[in-house]
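Asker: Starting from the known structure of chain P, arrange chains R and Y on it as the hints suggest.
Spelled out, the chains give:
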Amino acid sequence: MSIANKLQTLPKTAIYGILILCTSLPLFFQIPLPNNPDQASKDFFREMMTLDASKPVLLSSDWTNSTRGESKGQMKSVLRMFMRRGQKFVLYSTADPQAPQVALDVIAEVNRERIKKNQEPYKRFEDYVVLGFFPNAEAAINGLANDFKATVKGRKDFPVGKEATDVFQSPVLKDVDSIKDFQMVVVVTASKTSNFTVERVYGKTKLAFAVTGVMGPETKVYYQSKQLVGFVNGLKGAFDIEQLMEKGLNVDSSASFRDDTHPAPVEGFKGDDNVGQGTRYFPTLHFAMALMIIMVILGNVGMVLAKKDSSKKELGGR
Amino acid sequence: MFNLLPIAFWSDPAGSSALTGKIVFGLLLGVGLLFALTKVPTQMRRSIVFGGTFLSGLFYVLFYLWPQPITRGPNDVPRDAVEGVAFWLKDSFSVVVNFTQIISGFMLGLGVYSLLRIHLTRIAKGHKDAFFSFVLLGSMVAMAFFAYGDYILRLDPVKAQELENPDKWGPLTRGRDLLFDGLLQQMDAAMFSIIAFFILSAAYRAFRVRSVEATILLATALLVILSLMGLVADRVDGFFGGLVANDPNDFFENFKLTTLRNFIGDNLQTPSINGITLGTGIGALAMGLRIWLGLEKGSGN
Amino acid sequence: MSYPFIKALVGVLATVGLYSVLYKENKFYRFFEHVFLGLATGWTIFVLWAEVLKPSWYEKMMGTPSVNGGPATDGQWAYILLLPLGLMAYFVFSKKHNWMSRIPIGIILGLWSGQQVQVWFNTYGPQIKGAMKPILPSAFSSFTVPANASAVDVYPSQALSNLLYIVTLLSVLSYFLFSFEVKNKAIIKFNMLGRYLLMIGFGAIFGSTVMTRFTLLIDRMYFIWIEFFQQQVLGRG
Chain P
1 MSIANKLQTL PKTAIYGILI LCTSLPLFFQ IPLPNNPDQA SKDFFREMMT LDASKPVLLS
61 SDWTNSTRGE SKGQMKSVLR MFMRRGQKFV LYSTADPQAP QVALDVIAEV NRERIKKNQE
121 PYKRFEDYVV LGFFPNAEAA INGLANDFKA TVKGRKDFPV GKEATDVFQS PVLKDVDSIK
181 DFQMVVVVTA SKTSNFTVER VYGKTKLAFA VTGVMGPETK VYYQSKQLVG FVNGLKGAFD
241 IEQLMEKGLN VDSSASFRDD THPAPVEGFK GDDNVGQGTR YFPTLHFAMA LMIIMVILGN
301 VGMVLAKKDS SKKELGGR
Chain R
1 MFNLLPIAFW SDPAGSSALT GKIVFGLLLG VGLLFALTKV PTQMRRSIVF GGTFLSGLFY
61 VLFYLWPQPI TRGPNDVPRD AVEGVAFWLK DSFSVVVNFT QIISGFMLGL GVYSLLRIHL
121 TRIAKGHKDA FFSFVLLGSM VAMAFFAYGD YILRLDPVKA QELENPDKWG PLTRGRDLLF
181 DGLLQQMDAA MFSIIAFFIL SAAYRAFRVR SVEATILLAT ALLVILSLMG LVADRVDGFF
241 GGLVANDPND FFENFKLTTL RNFIGDNLQT PSINGITLGT GIGALAMGLR IWLGLEKGSG
301 N
Chain Y
1 MSYPFIKALV GVLATVGLYS VLYKENKFYR FFEHVFLGLA TGWTIFVLWA EVLKPSWYEK
61 MMGTPSVNGG PATDGQWAYI LLLPLGLMAY FVFSKKHNWM SRIPIGIILG LWSGQQVQVW
121 FNTYGPQIKG AMKPILPSAF SSFTVPANAS AVDVYPSQAL SNLLYIVTLL SVLSYFLFSF
181 EVKNKAIIKF NMLGRYLLMI GFGAIFGSTV MTRFTLLIDR MYFIWIEFFQ QQVLGRG
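Residue numbers (my numbering), protein chains in the order written: chain P, 1 to 318; chain R, 1 to 301; chain Y, 1 to 237.
In short, the hints are calculated from the structure, not lab data.
Each statement offered as a hint is correct.
30 Å max Cα-Cα, derived DSBU-like pairs, lysine-lysine:
1. R:K90 / P:K204
2. R:K39 / Y:K95
3. P:K204 / P:K192
4. Y:K129 / P:K192
5. Y:K54 / P:K192
In isolation and in its complexed conformation, chain P is listed as follows:
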């Protein structure tokens, strides 16, 4: 077998094995990496950190563990920012019946972090309200956008130590009549609910998204047309936000953490527990991406060599 053929016919098991090695070994090492956060991530961070803590935010959690690698890191950062700033929020899901429970698990995880640091845990019903799952995402978001109160009417949540109670009894929803009473809708999603939200909610209040990498290019269209105030894209976005939480924006002299379009400094949470999936997985992603580039190059070099071989043979045949 010629080199050209060998290069093009590596066995499947060998490729899979190398991929497993590339995505496993770097996880055992802590590799600090430089980063230049995207403008969209900077905007997302600034908007989240300058919210008025006295007004609630509507948080849509539309992901399950199928995209845990990206979405959980994003969700955890969003929750850390909310909880550290005392931001009240209302949680709902429309994409998947598993989504509300997955979100509650992350809230519990962030609460455990707070308890460890002797901070008050975020209380369900007092600090945040869970509206639960709504099937038919388009109809549900349409309802929330056009008549929030009537769409949510009858939903109950569980105050700590009390029976299931109507959600409008919660202090979080006390001044809420319509979606306009939320200062922002934040959507952490791995599905089309981001599109449904733009379609129905845009123009009523501010929108900010945390999406998976697959959805990033499409979401950028909404961001560029100013339908979104900011968004975080996949693992890179999760890493950006974690770094911004640590370093702040326009705070130190690093050019990467400056935003000349909005020069006001935005402090992060320096020295606090800001590490999450983004920081843990980003170095490993480099190895996997490098493998992808190498494999594509190998295949193409093999093809070029094979073409040369066949043209040589043709010439020799003549």
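Answerer: Same frame as chain P, but now just chains R and Y:
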């Protein structure tokens, strides 16, 4: 639709015999309607389906297009027919949204029913895969049982507070946690991560520079991948940044990976994806109108 | 063996079981595949009742007593009529009456289609507005945008970028809209340009998709090696 008759006709106190009687009456009425529909002649069927589709679509068309009063107090009454319709549309909106949720809920159950039908038939017929069907149904029943059992437990506020501490979990909560967090969520993540192997293998075998289109696609993909690698982007940017002493107007500034990536992202990638979404949006709009007006092929037949 | 260890162990077994399909289809994989489907369906049944039908349908129909000072609600019997309407969808399995399943589907589709006009303008209106960029420069003091530029001035480099944006958008759109046979040579060339530029969009989507897919795999490896092996088996961290 509820203001066609006095409110008292439509609602009764919880647990009252009047409410129970009306629910039984409603159920009989519904069953009667179902029976009547089974007797509908073939030529009327399309009209019935089209009628349902058109009227439900008409609601939202009117909801968005009908003039609405700028303000409305809780005791306001409509001044004329136009305002009467506006009030009716606004008041009915929540009912329609709720109906949509409920019907969608019933229809989600259709998938469960279909799965049950297939696997129960397999078990009954002693199919060679009957064991796997048994496993599927067993997992389904176990998950529904533990999840609902845990839910019922948590309805008691004292118990719910106790369950915040994992050391106090009983078999129901532990079973729910093991099945949902321990198994379902891990398998969900595993299922979706398998694609990484296929994408690498496929890119190696098929991602070849054979045409102009493939070359452009490959070059853009490589640029995006490189720019997502923070270390590479930092080194390349650092190199060109050193050449131009970070003057934003210097020619070499354009060769920074981040600058190049942002330029392509803002001026080529975004409009090209916008073109795709605009195209599909026009398609969805056209299809929406065709469905609403009953022009879609096969609607109601 | 502690409960967290058992929980992590079953997760690892299930992950390895599903990954075994990479070698070839086998019974171990099929077992976990069916467990996965069964658990997902079981959870859907639970959520469907507890979070959807119970609060939105059953409790509205039956009414609820006052809880924690909240209002008691009367039951609205007419909600029972939704049961036969929902059940019509199940006639899809009937050979004789399957047309009835189209009634609830038609209603849902009708409700969807009625929203489309408003949805279209809300989604694409701002995008079309955003795409109307100035392509003629208004300031010539510098080719590129200087640091202290006024927001209203359009510099030549900006104008060129805007032109590129508009040409890309229009050519891709033209490629989409004129997908039938076109004889005009200018449109054919313009469509060809759109086809090439479309590849830039697809290339970006591919690059981002690779990031997502690899991240999901990294997450699984993290679960197996760090959360299970290092933390549970070796007891570190």
